[in-house]
Structure formats: C-alpha cells, structure tokens
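**Q** Chain by chain, the residues run as shown.
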Amino acid sequence: MNEQRFGREIKAYLNQSLDLAPTTLDRLKAAREAALAKQRAPGFELVPAWAGRAFGSLGLGAGAARWLAPIVIAAAALFGYQQWQASQAPLEEDPMAEIDTELLKGDLPIDAYLDKGFKQWLKGEEE
Amino acid sequence: VSLRANLGRVVVALVLAVGLGASLPAAASKSDPTWRELSPAQREVLAPLKDGWSAMEPTRKRKWVGVANRYPTMNADEQARVRERMAEWAALAPEQRRAARDNFRAVRDLDPDARNAVRDKWQAYQNLPEDKRRELNTRATRPAPSAAPAEGANPAATPTALRN
Numbered sequence: 001m002n003e004q005r006f007g008r009e010i011k012a013y014l015n016q017s018l019d020l021a022p023t024t025l026d027r028l029k030a031a032r033e034a035a036l037a038k039q040r041a042p043g044f045e046l047v048p049a050w051a052g053r054a055f056g057s058l059g060l061g062a063g064a065a066r067w068l069a070p071i072v073i074a075a076a077a078l079f080g081y082q083q084w085q086a087s088q089a090p091l092e093e094d095p096m097a098e099i100d101t102e103l104l105k106g107d108l109p110i111d112a113y114l115d116k117g118f119k120q121w122l123k124g125e126e127e
Numbered sequence: 128v129s130l131r132a133n134l135g136r137v138v139v140a141l142v143l144a145v146g147l148g149a150s151l152p153a154a155a156s157k158s159d160p161t162w163r164e165l166s167p168a169q170r171e172v173l174a175p176l177k178d179g180w181s182a183m184e185p186t187r188k189r190k191w192v193g194v195a196n197r198y199p200t201m202n203a204d205e206q207a208r209v210r211e212r213m214a215e216w217a218a219l220a221p222e223q224r225r226a227a228r229d230n231f232r233a234v235r236d237l238d239p240d241a242r243n244a245v246r247d248k249w250q251a252y253q254n255l256p257e258d259k260r261r262e263l264n265t266r267a268t269r270p271a272p273s274a275a276p277a278e279g280a281n282p283a284a285t286p287t288a289l290r291n
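From first to last, the protein sequence lines stand for chains A and B.
Counted the way the working numbering counts, the first sequence spans residues 1 to 127.
Counted the way the working numbering counts, the second sequence spans residues 128 to 291.
These are calculated hints, taken from the structure and not from any lab test.
In this text, all values refer to a predicted model and were calculated from it rather than measured experimentally.
Note that the Cβ used here is the ideal one computed from N, Cα and C, for glycine as well.
A couple of the hints might just be wrong.
As the list claims (entries may be wrong) - Derived SDA-like pairs: lysine to any residue, alpha-carbon spacing no greater than 25 Å straight-line:
hint: 1; chain 1: A; residue 1: 116; chain 2: B; residue 2: 236
hint: 2; chain 1: A; residue 1: 116; chain 2: B; residue 2: 260
hint: 3; chain 1: B; residue 1: 259; chain 2: A; residue 2: 94
hint: 4; chain 1: B; residue 1: 177; chain 2: B; residue 2: 222
hint: 5; chain 1: B; residue 1: 248; chain 2: B; residue 2: 229
hint: 6; chain 1: B; residue 1: 157; chain 2: B; residue 2: 237
hint: 7; chain 1: B; residue 1: 177; chain 2: B; residue 2: 206
hint: 8; chain 1: B; residue 1: 248; chain 2: A; residue 2: 108
hint: 9; chain 1: B; residue 1: 248; chain 2: A; residue 2: 102
hint: 10; chain 1: B; residue 1: 157; chain 2: A; residue 2: 39
hint: 11; chain 1: A; residue 1: 29; chain 2: A; residue 2: 39
hint: 12; chain 1: B; residue 1: 177; chain 2: A; residue 2: 96
hint: 13; chain 1: B; residue 1: 259; chain 2: B; residue 2: 244
hint: 14; chain 1: A; residue 1: 116; chain 2: B; residue 2: 219
hint: 15; chain 1: B; residue 1: 157; chain 2: B; residue 2: 134
hint: 16; chain 1: A; residue 1: 38; chain 2: A; residue 2: 26
hint: 17; chain 1: A; residue 1: 29; chain 2: A; residue 2: 15
hint: 18; chain 1: B; residue 1: 177; chain 2: A; residue 2: 38
hint: 19; chain 1: A; residue 1: 116; chain 2: B; residue 2: 165
hint: 20; chain 1: B; residue 1: 248; chain 2: B; residue 2: 236
hint: 21; chain 1: B; residue 1: 248; chain 2: A; residue 2: 117
hint: 22; chain 1: B; residue 1: 248; chain 2: B; residue 2: 232
hint: 23; chain 1: A; residue 1: 116; chain 2: B; residue 2: 232
hint: 24; chain 1: B; residue 1: 259; chain 2: B; residue 2: 236
hint: 25; chain 1: A; residue 1: 116; chain 2: B; residue 2: 248
hint: 26; chain 1: B; residue 1: 157; chain 2: A; residue 2: 18
hint: 27; chain 1: B; residue 1: 177; chain 2: B; residue 2: 165
hint: 28; chain 1: B; residue 1: 157; chain 2: A; residue 2: 15
hint: 29; chain 1: B; residue 1: 177; chain 2: B; residue 2: 211
hint: 30; chain 1: A; residue 1: 116; chain 2: B; residue 2: 177
hint: 31; chain 1: B; residue 1: 157; chain 2: A; residue 2: 110
Said to hold, decoys possible - Distance windows between CB atoms, simulated:
hint: 32; chain 1: B; residue 1: 239; chain 2: A; residue 2: 80; range: 49 to 59 Å
hint: 33; chain 1: A; residue 1: 98; chain 2: B; residue 2: 179; range: 20 to 30 Å
hint: 34; chain 1: A; residue 1: 84; chain 2: B; residue 2: 253; range: 46 to 56 Å
Unchecked claim - Covered stretches of chain A, going by a simulated chain B footprint (3 or more residues, C-beta under 8 Å):
hint: 35; region: 24-33
hint: 36; region: 84-92
Build the full structure now, drawing on both the sequences and the hints.
**A** Now the structure itself:
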C-alpha cells in the first residue's frame, strides 16, 4: 500500500457522517453549551480586582472602583502628558535679553556706563 | 459586565479626566520658571544668579533665560565677561540698569572711530588721579551752569550721545 492510497482511504473514513444516537448528540450539545457559558462568564473587566480591594479599604466600596479607577487613571495619564509636553517647550524670553547680552559681553565694563565722573570727563573733553 | 457598558464608562471617565487635567495648573511654568525648570545648560550659565533666582521678578527671569540662550554663540572672551559681570549687573537697582542701558546704546550707536575713542578714554580715565575722578563725579551730580550754553552752542561735537 503506497502513501497516496493510504491517504485516500483515511479521507474516505473522515468524510463519512457519524452515525450517533440522538441521546449522545444531545449530551454532546449540552456539554458544548455549558463550556461556552462558562467561558463567557468572566467577561471583559476594565477594573482589575486589586483596584476594587483598594477602594474597598478606603471605605468607598468596591463598586466605586468601577467608576473612579478609570477616571483616576485617565487623569493621571493626561496630567503626565501635559507635564511631558510642557517640558518639551522652550522657556519664554524677555526682549530685554538682547540689549543686556550685548552690554554684558561687550568690551567696556558695566562701570563705564554707570560712572558719572567718566561721563562728565567725556563731556569736558568735547568742550 | 459587558464590554459595551464599560466603553460608556470609559467615555465618561475620559471627559471627566480632560476637565480635571485642564483645571490642574501646569507645574512647568514657561513664563516664570523655577531654578529646576531651567535646562542644565541654562543653570550652568546662570549659576551666579542661583541664590537670588526664586525672588527675581518673572520679567527678569525671562531676560536671563534669553541671555543664557545666547551664551553658546559667544566667543570665549565674551563668555568670560558675561559670567564675571552677571552678579554685578543683577545686583544693580533697576534705574541704574536703565541708565547703563541708555549709555550703552549711545556708545553702541556711535561710528566705529568715536566708539574706539570712548574705549581709549575709559582706559585713560582709569589712570586719572583719585581726587581728579572724585572731583569729576561731584561736578557731574550737581548742575554746572557754565557748561549749559557751551553744550548748546556746539551740538555737532561727538560723542553727542553721552552728553546727557
């Protein structure tokens, strides 16, 4: 018996319908539905169980967790995002920076612009 | 609890969170930065001002942020001068800074020869005897009646900007 022929025979067996008793079919159907119901039961839980316990210990009742936890988490996320965004933006500058920078880096010291005697002397030299 | 019911809650929570988040003051204030909010580079340049930073008016903080931002574009001599003069400049009274800026602008706007002359004269002024400088100072702080007509008579003389 070669491999191809063996394959064809297996296929023929598998294609035959199962001839089972109605009671067996009913039991199989009931078992399948029970398994599916069990699988569906936990559902989708947004709030983890520990959050419920945490709220419960605060005296708010575990039910509050369902409402408060998403709000707190979303607010924290938003706050974090705002902080991050703010840290990326450059700090504001005052236009006075321009002239003060020039004055501070210039080759005459601050005193030269403050010394009234020097000013008087320059005036005297002109006359 | 169905997925659908939870989605509704998520939407409500997000709306509340946006309101909550928006009402919280932004910790990093761009117009009145705390010392910690400055960048490490800005803090390094402005180190002489660290102690007085928190008491400084927001306008002056923003001014110094601008100075620190221009610092990397300066040559080594300019950087050294800025660092050396920063504390002195910050310690001046506002009207002194205003007067110094006016005088600085006046010198800056001179033609190059006159500007160089002012620089040389500052050196020469340093070499004047102490009592001569004191005398010039007292003369400057009280009105000199004889000087007024002479000034008016020769307005073309330079540097006009330092005249008053």
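**Q** Confirm or reject each hint.
**A** We went through each hint and held it up to the structure:
no. : hint                     : result
1   : A:116 x B:236            : holds, 20 Å
2   : A:116 x B:260            : holds, 10 Å
3   : B:259 x A:94             : violated, 40 Å
4   : B:177 x B:222            : holds, 23 Å
5   : B:248 x B:229            : holds, 19 Å
6   : B:157 x B:237            : violated, 37 Å
7   : B:177 x B:206            : holds, 18 Å
8   : B:248 x A:108            : holds, 11 Å
9   : B:248 x A:102            : holds, 20 Å
10  : B:157 x A:39             : violated, 53 Å
11  : A:29 x A:39              : holds, 16 Å
12  : B:177 x A:96             : holds, 20 Å
13  : B:259 x B:244            : holds, 20 Å
14  : A:116 x B:219            : holds, 15 Å
15  : B:157 x B:134            : violated, 37 Å
16  : A:38 x A:26              : holds, 18 Å
17  : A:29 x A:15              : holds, 21 Å
18  : B:177 x A:38             : violated, 66 Å
19  : A:116 x B:165            : violated, 37 Å
20  : B:248 x B:236            : holds, 17 Å
21  : B:248 x A:117            : holds, 12 Å
22  : B:248 x B:232            : holds, 17 Å
23  : A:116 x B:232            : holds, 16 Å
24  : B:259 x B:236            : violated, 29 Å
25  : A:116 x B:248            : holds, 14 Å
26  : B:157 x A:18             : violated, 77 Å
27  : B:177 x B:165            : holds, 11 Å
28  : B:157 x A:15             : violated, 75 Å
29  : B:177 x B:211            : holds, 14 Å
30  : A:116 x B:177            : violated, 31 Å
31  : B:157 x A:110            : violated, 30 Å
32  : B:239 x A:80: 49 to 59 Å : holds, 55 Å
33  : A:98 x B:179: 20 to 30 Å : holds, 22 Å
34  : A:84 x B:253: 46 to 56 Å : holds, 53 Å
35  : 24-33                    : violated (count 0)
36  : 84-92                    : holds (count 6)
Consistency note: the structure conflicts with the earlier hints numbered 3, 6, 10, 15, 18, 19, 24, 26, 28, 30, 31, 35.
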